[in-house]
Amino acid sequence: MYGSIRVLLAQLLCGLALGSELTFELPDNAKQCFYEDITISTKCTLEFQVVTGGHYDVDCRLEDPDGIVLYKEMKKQYDSFTFNAAKNGTFKFCFSNEFSTFTHKTVYFDFQVGEDPPLFPNENRVTALTQMESACVSIHEALKSVIDYQTHFRLREAQGRSRAEDLNTRVAFWSIGEAFILLVVSISQVVLLRSFFSDRKTTTTRVGS
Amino acid sequence: MQSCVLSVLLLNVYYGAVSSLYFHIGETEKKCFIEEIPDETMIIGNYRTQLYDKQKEEYLPATQGLGMFVEVKDPDEKVILSRQYGSEGRFTFTSHTPGEHQICLHSNSSKFALFAGGMLRVHLDIQVGEHTNNYAEIAAKDKLTELQLRVRQLVEQVDQIQKEQNYQRYREERFRQTSESTNQRVLWWSIVQTLILVAIGFWQMRHLKSFFEAKKLV
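These protein sequences, in sequence, are chains B and L.
For the first sequence, the residue numbers in our numbering are -1 to 207.
For the second sequence, the residue numbers in our numbering are 17 to 234.
Isolated chain B (complex conformation) (with noise of 0.2 Å):
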């Protein structure tokens, strides 16, 4: 009992895993910064997309503890950056929608911190796993993926259907605002002549030529 216990105070004190995965509204001139403690030697990854507005872009920065910039890309649809933590510290990764003047963005990211935690925490034990065991772990591995892709395709169905109902949305305005401008120019159109030819009733009518 102690030794698992042990066991899992050492996880605890080697890092953390953990992971965050969010789903958030950026409006127009807004900059979002998120921050983690992250121990050294963490493989962490970042991935980030935006789901909808504007250009479906976003400017995104990655900042380590002491203010080095790891990572820095500006109108981004999309991407995945993996790095090692050199240092142990706050990290801090920001997303920026200055550059737009009125459009909000919707962003996805996931950062993961480290490997995820292992079902049982003794998991280092002597003998290696059973062949069930490791099927079980490679399965898990590939549902694992499947979800994550699962992810990405709904999040690219959410962009696409949102620029669809844009779309749909905007030819029904635009059907009825033309249709109306239509009556509107040969209405006045026909006013406007028939004004030219009302005043001039007492003077000499003027056979157009």
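Read the hints as simulated data drawn from the structure, not as lab findings.
Because the structure is a prediction, the values reported are computed rather than measured.
Ideal placement from N, C-alpha and C gives every residue a C-beta, glycine not left out.
Warning: the hint list may mix true and false statements.
Unchecked claim - Partial selection, computed: residues in chain L whose CB lies under 8 Å from chain B:
(1) Y151
(2) V167
(3) R187
(4) Q209
(5) L213
(6) F227
Fit chain L to the supplied structure of chain B, relying on the hints for placement.
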């Protein structure tokens, strides 16, 4: 074995309350997160707040009297959870309709002096679907062996994949409906606009002809 698993459980509970990703939020600011999930999916959110202390120039571990208001809206804009929690809290809900759920957080502080120009630091962790399962607890409750627990985890994962694919089918149907509606609208409005154009043209010519005839110009 039992006490071993229980100790793991206790440490896992503590583990859950430990800091994860954090961000800063202003006093009256409302931060919203979107979760697009299939139906019958459970979401557990854990948060922890820290207030900046100007004197010590650091973030205090916990502040009394400072709470966060959590509001969850379903895809039809109906509020399914609206509660106030303390400076540290955990909220849970299960979706009944598939779609985009919105989780909004804002602080309940009405005293401006409490923030004093600083920001509130919010640690947030949202777990969706299969990740909400506490396997140590499940193993203890159902008395599962190691292999059985692994298979149970695989079953939960496959369940989540299946739900997501069902949701995907429903989304694709909506997408198809939108595209067909656009197609219809383009077709219908083009015809209507052409008809309006032709009708207006006829009306103009007829009206002007009668007008000029009345004026004895033609």
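Verification of the hints:
1. Y151: holds (6 Å)
2. V167: Hint holds; V167(L) Cβ to chain B Cβ min 6 Å, cut 8 Å.
3. R187: Interface hint status for R187(L): holds (6 Å vs cutoff 8 Å).
4. Q209: holds (6 Å)
5. L213: holds (7 Å)
6. F227: This interface hint holds because 6 Å falls under the 8 Å limit.
Taken one by one, the earlier hints all hold for this structure without exception.
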